[in-house]
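Line by line, the protein sequences give chains A and B. Residue 463 is where the first sequence starts when you use this note's numbering, and the numbers rise one by one after that. Residue 463 is where the second sequence starts when you use this note's numbering, and the numbers rise one by one after that.
In case anyone wonders, no lab produced these hints; they're calculated from the structure. Quantities reported herein were computed from a predicted structural model and do not represent experimental measurements. Wrong hints could be hidden among the right ones.
Chain copies aren't distinguished; within one or between two, either way the pair holds.
Claimed, not checked - Dumping the calculated BS3-like pairs for lysine-lysine here, alpha-carbon to alpha-carbon at most 27 Å:
#1 Lys822 - Lys701
#2 Lys1074 - Lys867
#3 Lys1133 - Lys519
#4 Lys1074 - Lys822
#5 Lys867 - Lys1133
#6 Lys777 - Lys880
#7 Lys822 - Lys854
#8 Lys867 - Lys822
#9 Lys1074 - Lys777
#10 Lys1074 - Lys519
#11 Lys1133 - Lys701
#12 Lys1133 - Lys1074
#13 Lys867 - Lys880
#14 Lys880 - Lys1074
#15 Lys777 - Lys1133
#16 Lys854 - Lys777
Number of protein chains: 2
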Amino acid sequence: LVRREVTQLLTPGTLTQETLLRPEANYLAALATGDGYGLALLDVSTGEFRGAVFYGKSSVYDELFRYRPAEVLLAPELCRNEGFLEEFQRRFPVMLSAGRFEEEAGLQALRAQFGAVPGGLEHPALLRAAGAVLGYAQSTQGGALPQVQGFVRYDPSAFMQLSEATLRTLEVYDPSPVGESSEERTLMGVLGLTRTAPGRRLLRAWLRHPLVEEGPIQARLDAVEALVRDGVLREAVRKILYRIHDLERLAGRLAAGRANARDLSALARSLELLPELVGLLRGSSALLGTAERLPDLAEVAERIHTALVEEVPLKVTEGGLIRDGFDPELDALRQRAEAARAWLAGLEAAERERSGIPLKVGYNQVIGYYLEVTRPYYAQVPSDWRAIATLKDRQRYTRPDLREKEREILLAESEARKREYAAFLELRESVGQAAPLVREAAAVLAELDVYAALAEAAAQYGYVRPRFSAEGRLYIRAGRHPVVERGGGFIPNDLELSPGERLLILTGPNMAGKSTYLRQTALIALLAQIGSFVPAEEALLPLFDRVYTRIGASDDIAGGRSTFMVEMEELAQILQGATGRSLVLLDEIGRGTSTYDGLSLAWAAAEHLHDKVRSYTLFATHYFELTALPERLSGARNFHVAAREEAGGLVFYHQVLPGPASRSYGLEVAKLAGVPREVLGRAATLLAGLEAQVGDVGQEVLD
Amino acid sequence: LVRREVTQLLTPGTLTQETLLRPEANYLAALATGDGYGLALLDVSTGEFRGAVFYGKSSVYDELFRYRPAEVLLAPELCRNEGFLEEFQRRFPVMLSAGRFEEEAGLQALRAQFGAVPGGLEHPALLRAAGAVLGYAQSTQGGALPQVQGFVRYDPSAFMQLSEATLRTLEVYDPSPVGESSEERTLMGVLGLTRTAPGRRLLRAWLRHPLVEEGPIQARLDAVEALVRDGVLREAVRKILYRIHDLERLAGRLAAGRANARDLSALARSLELLPELVGLLRGSSALLGTAERLPDLAEVAERIHTALVEEVPLKVTEGGLIRDGFDPELDALRQRAEAARAWLAGLEAAERERSGIPLKVGYNQVIGYYLEVTRPYYAQVPSDWRAIATLKDRQRYTRPDLREKEREILLAESEARKREYAAFLELRESVGQAAPLVREAAAVLAELDVYAALAEAAAQYGYVRPRFSAEGRLYIRAGRHPVVERGGGFIPNDLELSPGERLLILTGPNMAGKSTYLRQTALIALLAQIGSFVPAEEALLPLFDRVYTRIGASDDIAGGRSTFMVEMEELAQILQGATGRSLVLLDEIGRGTSTYDGLSLAWAAAEHLHDKVRSYTLFATHYFELTALPERLSGARNFHVAAREEAGGLVFYHQVLPGPASRSYGLEVAKLAGVPREVLGRAATLLAGLEAQVGDVGQEVLD
């Protein structure tokens, strides 16, 4: 029986094997409670280790949805809570594993990793979560995690808040499950022009966490703009990036001592590209800083290059790794084996000559080297040969000197292999020292890749650099939906909002583009705050602290709750969470219930957002009664999307224009559809009666 | 070069190969115009050939949707009409082929098939369509179509009219594309307990075409009831049916002379089961008629049985088909070959004895039979042997008598194969005469299979026999949705309608089961009129001439038209087409446009259906204003679906109760969802104001 030691457990959240990993970041998460929620996240493949504290369950869910961990550890107090557990599993159908959340165990794991407990872990729930996540990763990896070099506590309020519903509605990562949308029809699909895996992961991270302070946003925009303006530079940079390997994960394997020869070889080839890249960036003042942050790793590349052959094998224990001339002892061993092999080759010719037998020198695993003679020559075999195998019509012989040479070759080869492996380990060890620098380089390159990708998108799709308004003005001229416009034939639209004109009531028929208009506004804000150019001819924006959307797709069912219940829960979240610096997008609030209570709720919500919250609100509705609001609320305006019936049927202009929509639109469609004249006449009479009353109703209700 | 004649073209609508066909009927359709639309349908695999004349484009589409042809021929006047062509291809994405629609060509195809033009083809558009479909099939099959034995013109008004939208909405064949429904979650999936392919096709056909006359429906119900009552009989019948092959398609291949030996064998095995089946059916007075319609085919089965071996091979030209003792000449040939083989077997033993050589008799394709001798015995070989092959250590010899025997065997075998093939052709020819009877038997068996399947469903699921009311009363006690109830936990509901109470206004929240209630009513009517038992405790029904549904699923997009446009088109069709004998189901008419014009249209439509059309109407709506209608319209009633908010959240009771729904439902959900108290208070005030006004508005508008 062979005793094998388990050195690594495979779990979805702690993978490091490149072949098993998705190109996205692969997080293991842990969640614990105690004066809020502590959430710790660890990507074992790159060593990224971070965490934050949240004070509401919904913000924890939103954060988890942004990070999408592959595996989650829940603290016992959460596991025992059946209601929580059920909700959690419904919303995050990922693997749940058991972690050790006792504070003592956590401290031990942290000390084992870092020597001391790192800063940022003062909050007890976060400490327990961080300890659990680290301890779990240590146990699956069979010990310490050299790639994990520190913990970062981040402040969720330093980023724009995006709810799970908003990310879904805006189709940032995933297409809507309804309809025939494909992966490319997402924001990530359109914007994801990165050339490296770390760049792609970083772009996904930025989209999860748009910034809220102007300084860092402007710095990013400067870098993007430099690459927009200089197409030749951008092309050159992207060409180089394309040839650089996933240094982030490579650094992780390097630090963990798991890198193989091909990893080192790929590292060297990647590092050798850096001087050229730095040279390119030095020419641009906006990118100079980036260039200067790239650590000099030429020596590491050189070291690998001189040690390893060009085409390294996958296995590191079977030789063929190390260049001739790198190690004298290895060279000597190789020479010895070579000389013995040459002697054998000479032997065949010499013995043929000497004995006149057309013999062959052969080798097999059982008997080693031998001389083979066919039946007609049996008589001529010299007496110092010894028969070791007899076949049907041939015999195999050996000689004492043959045995000796054989031993010599095998010995030299085995020694050479050992020597090579030792040399490789030494190399890996020494290169491993540079893992933190490689990780640093990877981070800078990822950033550069995102700048170049955003610049490429801006140039390809005709985006403009957004400006930010300290007075809170919003002005978008000819704004477009970045994803929908890719389909062609898109009609751009303007939008103006300000603290004084902050509630826009949008009416008009279905299919005319109301919800696209809402979505593009949110996407432009989001793009601007990650530091991207935006799809518009001009964009002046406030810095939003949150973006909320309540845009219903269809009568879908979310985990057994009625659509209307979901709608109301989302509305409640918005009314509670939005501020005067938030962007709120509401579509068809109050559908799914009867007319009057739906209308009352929509009306009260609009008033609340206008009067109390004072958020920037786009409110699309079928409740025509709401078009009376601008008369009553100083900051409200009516707009509508245009549609007209023409000879061939309905034409949607997808244009957003001031004023309320025409009320008789429905009747005109019904006429086109062939509803009998008699019914239409009656409907028109009823409509006239209702309209005559509505003003009074609105008036009286409001008074 | 081998010259091959194309004997059959493969096109989706003219397949006959069992392996290529779906189990469903496989129609080729042709459509021509001229005083209405002529539609001809041909199933080449069974020989079914039928057609009808329609006077509206939408009824043609509905019919095509019911038959779902695999391939369609359009007359040139339709192909040239770009608008028509585009609409057609959008709604029926099937293969379009070119047919010959000239009247002269059609007459020629019909005369070639039937000798004269069959009756029922007096209408010129139908004549052209029938001629085109037949001519096309003839050309793909390379000549006449013996399986096609006549043309049936049917009267579309003899069946309940079901629109394409209705079949889709009711999920009769296909699950809705939205949500996670699977194939089994269709009416066909629940009801399709048939045991034979023709039975399954017939059930699909019945579901396409429910009957409108009571006599034939009662006859079907009698047969079903007999099988419901006698479970032992049902089980026995279904066991036998399960063992019967697809005689309908087999009859088609038989008539076309394409049956192979396995087909004949399967036919015999199937026919041999019929006497037992007839014996079973004779015991039941309701099924006696069915038994008596089964033609006696015992003689055919016997003929096949005596001719063919038990396990016939697939190829009919390579022998091994025909039983020993069937044909004296064949027996003689087989005996000759056998005798020669026996001589050869004896030869080996005899010659070993005689020569003392351990020889073997062998055979290969190149040199035929030979005697094989190994090297040590070369010297002992008799002189009359002649060497014909030398191998390394053995030689092969022949003798004159060996050659002769060989020729004898080969000749006898080849003759036997020819004789077998001739006997098979003779058999196929003679059995082919019985093709019309086999088809007849297939039709009767299919009917029996459907009765048994409906009876099995009724027994398994607890259905009841429906009764029909001459006075037009509808009373369903504890009705259920046949598909939804399979999921368990279903709440049954009653329904009463009559000419005096014909408009039911149904209010209540989403998710509470309004549209299930509407759908189950339509399904019960449909089931009753195909002659099935229905999912209820008691069901008294009028005989409906049409069932209309306008039940929107979601904001889906149908071929670029807006949802609202589609909704209005369907409404227009209903208002134009429905009669006092129709069942009309409307859900949320007027959604997708602004409140007042949607409400006006819904209101006017409800009035029109009540006053003018006088149909049986279930009208589900969110427009609470419509609950005022019963006060004004003598035949209108209010009902609602119950939902209540309880501690754990909302509870839907799925119960339909008299009276309008509670108006404040929406506010109560909003409260549960966490909408701020302040907003709720304002909404309640607004609602009270609106409600106070609405009575007056309705009153004033109506006056």
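Hints versus structure:
In the homo-oligomer, the alpha carbons of Lys822 and Lys701 never lie at most 27 Å apart, since the shortest distance is 54 Å inside one protomer and 75 Å across protomers. Taking the shortest Cα distances, Lys1074 and Lys867 never come within 27 Å of each other, neither inside one copy (94 Å) nor across copies (111 Å). Within a single copy, Lys1133 and Lys519 get their C-alpha atoms only as close as 50 Å, which misses the 27 Å cut-off; across copies the closest is 19 Å, which meets it. Taking CA atoms no more than 27 Å apart as the test, Lys1074 paired with Lys822 passes in neither setting, with 98 Å inside one copy and 108 Å between copies.
For the homomeric pair Lys867 and Lys1133, neither the shortest alpha-carbon distance inside one copy (101 Å) nor that between copies (92 Å) is at most 27 Å. When the C-alpha separation of Lys777 and Lys880 is checked against a cutoff of 27 Å, the pair qualifies only within one copy, where the shortest distance is 13 Å, while the shortest distance between copies is 66 Å. Both within a single protomer and between protomers do Lys822 and Lys854 lie at most 27 Å apart by alpha-carbon distance, with minima of 16 Å and 26 Å respectively. When the C-alpha separation of Lys867 and Lys822 is checked against a cutoff of 27 Å, the pair qualifies only within one copy, where the shortest distance is 16 Å, while the shortest distance between copies is 53 Å.
In this homomeric assembly, Lys1074 and Lys777 never come within 27 Å of each other (Cα to Cα): the closest approach is 67 Å inside a single copy and 86 Å across copies. With identical chains, the CA atoms of Lys1074 and Lys519 are at most 27 Å apart within one copy only, with a shortest distance of 24 Å there and 57 Å across copies. Proximity of Lys1133 to Lys701 under the C-alpha cut-off of 27 Å is found in neither arrangement, the shortest distances being 59 Å within a copy and 57 Å between copies. For a Cα distance limit of 27 Å, the shortest separation of Lys1133 from Lys1074 across copies, 19 Å, qualifies, whereas the shortest one inside one copy, 43 Å, does not.
In this homomeric assembly, Lys867 and Lys880 come within 27 Å of each other (Cα to Cα) only inside a single copy, at 20 Å, whereas the closest approach across copies is 74 Å. Taking identical chains as interchangeable, the C-alpha atoms of Lys880 and Lys1074 are never at most 27 Å apart, the minima being 76 Å within one chain and 98 Å between chains. For the identical chains of this complex, Lys777 and Lys1133 are neighbours neither inside a copy (76 Å) nor across copies (65 Å), given an alpha-carbon limit of 27 Å. For the homomeric pair Lys854 and Lys777, neither the shortest alpha-carbon distance inside one copy (40 Å) nor that between copies (48 Å) is at most 27 Å.
Of the numbered hints given earlier, the model fails hints 1, 2, 4, 5, 9, 11, 14, 15 and 16; all others are met.
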